Amino acid sequence: MAWVERRGNKWRVRYWKPDGRAGSIPGSFDTEQAASNHAEQLTTIPETAPPPETSQPVPPPTTPATWPRPATQTTDPEPAVMVSEWAEIWWQTVDVGANTEAFYRSLLTRHILPRWGTTPVDQITPADIQIWLNRLRDTYSASTITSLRKLFAMLMADAVDNQLLTTNPVRPRKRGRGRVEPRRERAWADEHQVLTIAHRVLRLASRNQCLLVITAAYTGMRWGELAGLHRDNLDVTHGRIHITADAGALHEVNGHLTLGHPKTHASVRTITLPPFLTELLATDLAASARPFVFTTLRGKHLRRSGFQRRLWAPAVCGGRYRGETWDPVHQGLTFHGLRHSHKTWLIEDGVPQVAQARRLGHIMEGKIDDIYSHVTASIDARLIAGLETRWHRALERYRRNLGPQEPQSITS
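Each residue of the sequence shown is one higher than the last, beginning at 1 in this note's numbering.
FYI, nobody ran anything at the bench for these hints, they're computed from the structure.
Quick caveat: nothing in here was measured; it's all calculated off a predicted structure.
Treat the hints with care, as some may be off.
To be verified - Ranges between beta-carbon positions, derived for each pair:
#1 H256 x E88: 19 to 25 Å
#2 W91 x P120: 14 to 20 Å
#3 I131 x G299: 51 to 57 Å
Cβ coordinates follow ideal geometry from the N, Cα and C atoms, glycine included.
Work out the full structure, taking the sequences as your base and the hints as a guide.
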């Protein structure tokens, strides 16, 4: 008995051979119906079946198999499925967030398809992959190489699942010359540097965007969580920020802004604020009816690129401002570095790792998380006390160095 089977964007006819293995009729068909019609026209097929579970051999056929060939069929070998063809089909199965989707698409269009698009999926070897990645190391970062390997491995693994390949040619890198990639030091800022940056942003823009910097450093929130924070999710009565599952982050993909899910399920959380920050945010929120906590001067959503160019870069890197010369605060510090700063502060203050993960929205083992829930009140109290101490220490030093009037517009 014959049956039809999809292979890439073509269809083929299969049957059981006398030795119990599956065979294929030469040629392929553009549609399932054409393949089914041909399967029904087969005149002689050995009366065999799939190999039984026992070791008893399948009897040989008494007559050879012959197949009529319709006009639409050719004797050419099955056309190879190219990587570009498979990627087009595979892309329809991808189910990830908007930012991840944009990242995957960039890797495909900029790196994978230009090199491998016209290559048959079954002609790629592990050596081919490694040579290609080794050459890219001269131009791209280690993280880019790792991302390319992972994405290509996913693409080829699904090709195996769809019977386009027998094995995945993209393998984990296990052998090499013992080269150790230097670990890039993540830049972070202390509380004094954070206050300096915040005050500069105040002078460049507004108190609201100055508070964005302070909130990022003293909560560890991601950019999207801050830019998408609705005033209804800021509880100034109890000093808490709620990051919700349905609209907990602002996403910017190809210039379009949308509210959606935060990064992971662990990102859905409640963050306790130190008292000074609750007071600052309550005062700022009371002065405006805008729906979102942090906005542009016109009350619109903040864009990461605009904030980086107009405010963050001059505040951190220094330069001239209204006749003043600003020294660099910390070369290489990014806005995301404020999140690293927050984690570093928690480590310095002896906050348990599980409490750090809960606050930052990192994924931890379930049992560890359950243990933390029983001691959350005492740990949170110690954590908040440490952050409050840092703020007042930074404020005192800032006023001592630059005069009492300098941070007045932030705190008043």
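How the hints compare with the structure:
no.	hint	result
1	H256 x E88: 19 to 25 Å	holds (23 Å)
2	W91 x P120: 14 to 20 Å	holds (18 Å)
3	I131 x G299: 51 to 57 Å	holds (53 Å)
Figure legend: structure checked against the earlier numbered hints; every hint is met.
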